[in-house]
Amino acid sequence: GEDVEQSLFLSVREGDSSVINCTYTDSSSTYLYWYKQEPGAGLQLLTYIFSNMDMKQDQRLTVLLNKKDKHLSLRIADTQTGDSAIYFCAGTRGQGGKLIFGQGTELSVKP
Amino acid sequence: DVKVTQSSRYLVKRTGEKVFLECVQDMDHENMFWYRQDPGLGLRLIYFSYDVKMKEKGDIPEGYSVSREKKERFSLILESASTNQTSMYLCASSAGRGQEFQAFFGQGTRLTVV
Chain G
1 GEDVEQSLFL
11 SVREGDSSVI
21 NCTYTDSSST
31 YLYWYKQEPG
41 AGLQLLTYIF
51 SNMDMKQDQR
61 LTVLLNKKDK
71 HLSLRIADTQ
81 TGDSAIYFCA
91 GTRGQGGKLI
101 FGQGTELSVK
111 P
Chain U
1001 DVKVTQSSRY
1011 LVKRTGEKVF
1021 LECVQDMDHE
1031 NMFWYRQDPG
1041 LGLRLIYFSY
1051 DVKMKEKGDI
1061 PEGYSVSREK
1071 KERFSLILES
1081 ASTNQTSMYL
1091 CASSAGRGQE
1101 FQAFFGQGTR
1111 LTVV
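Protein sequence lines, in the order shown, are assigned to chains G and U. When we follow the working numbering, the leftmost residue of the first sequence carries the number 1, and every step to the right adds one. When we follow the working numbering, the leftmost residue of the second sequence carries the number 1001, and every step to the right adds one.
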């Protein structure tokens, strides 16, 4: 299968929490990343987690890492319409810096 | 501000043309990448360069080549453009090994091959 897999769509109501999930195959990735792409724009790093951590919190964002299951998730608390975007998880393949992305999850936030 | 600049936002080329997509970064990064982005397929790595004149194939290198003669510039070449290469092309750069591999992206080039 693919190195990094995500579901393609998620729809939530404004004020709810969003949880975007990702599974990966290469456990050698030192860091795992979440990138955000707004319409018509390039990707921007949202947050990342070091591979020996289980959780990282950054304001409204919580990243959970389950190394045993090779599962990464991004939780956005109090989701706003401005959070509507495509979210990509990414990791590195092999020992070098080759960065591999998932398919992207399109988050739609309804008022 | 860190910057990755792609030479064109939009390009329209004819089938069979040789196409050059240029990318320049001003962060002195070792790594540079070319991806293509297609709906439902996410970002797929075409080529990766970890140093000047060094390159590695990504997952979909067929029909493409790259050139990195200077550290700041990474060019993607479509040897003979075909309609199935119509896509959004994204360039990125990141610092070298042993560091966080945060990548910085350009705005993308939307290429249409007719």
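The set of hints was computed from the structure by calculation and includes no laboratory data. Don't be surprised by glycine CBs; every beta carbon is placed ideally from N, CA and C. Be careful, since some hints might not be right.
[Said to hold, decoys possible] One-sided excerpt, in silico: chain U residues whose CB lies under 10 Å from chain G:
hint	residue
1	Phe1048
2	Asp1059
3	Cys1091
4	Phe1105
[What the hints assert, rightly or not] Straight-line Cα separation of at most 35 Å, DSBU-like style, residue types lysine-lysine; simulated pairs:
hint	chain 1	residue 1	chain 2	residue 2
5	U	Lys1003	G	Lys56
6	G	Lys56	G	Lys110
7	G	Lys68	U	Lys1018
8	U	Lys1055	G	Lys68
[As the list claims (entries may be wrong)] If you anchor each label on the Cβ, the simulated ranges turn out as follows:
hint	chain 1	residue 1	chain 2	residue 2	range
9	G	Ser108	U	Lys1018	38 to 44 Å
10	G	Lys110	U	Arg1110	25 to 31 Å
11	U	Met1088	G	Glu14	26 to 32 Å
12	G	Gln57	U	Val1114	30 to 36 Å
13	U	Thr1086	G	Asn52	37 to 43 Å
14	G	Ser17	U	Gly1040	22 to 28 Å
Hint check:
no., hint, in the structure
1, Phe1048, "holds, 5 Å"
2, Asp1059, "holds, 8 Å"
3, Cys1091, "holds, 9 Å"
4, Phe1105, "holds, 4 Å"
5, U:Lys1003 with G:Lys56, "holds, 27 Å"
6, G:Lys56 with G:Lys110, "holds, 27 Å"
7, G:Lys68 with U:Lys1018, "violated, 47 Å"
8, U:Lys1055 with G:Lys68, "holds, 33 Å"
9, G:Ser108 with U:Lys1018: 38 to 44 Å, "holds, 40 Å"
10, G:Lys110 with U:Arg1110: 25 to 31 Å, "holds, 28 Å"
11, U:Met1088 with G:Glu14: 26 to 32 Å, "holds, 29 Å"
12, G:Gln57 with U:Val1114: 30 to 36 Å, "violated, 49 Å"
13, U:Thr1086 with G:Asn52: 37 to 43 Å, "holds, 42 Å"
14, G:Ser17 with U:Gly1040: 22 to 28 Å, "holds, 25 Å"
Figure legend: structure checked against the earlier numbered hints; hints not met, in rising order: 7, 12.
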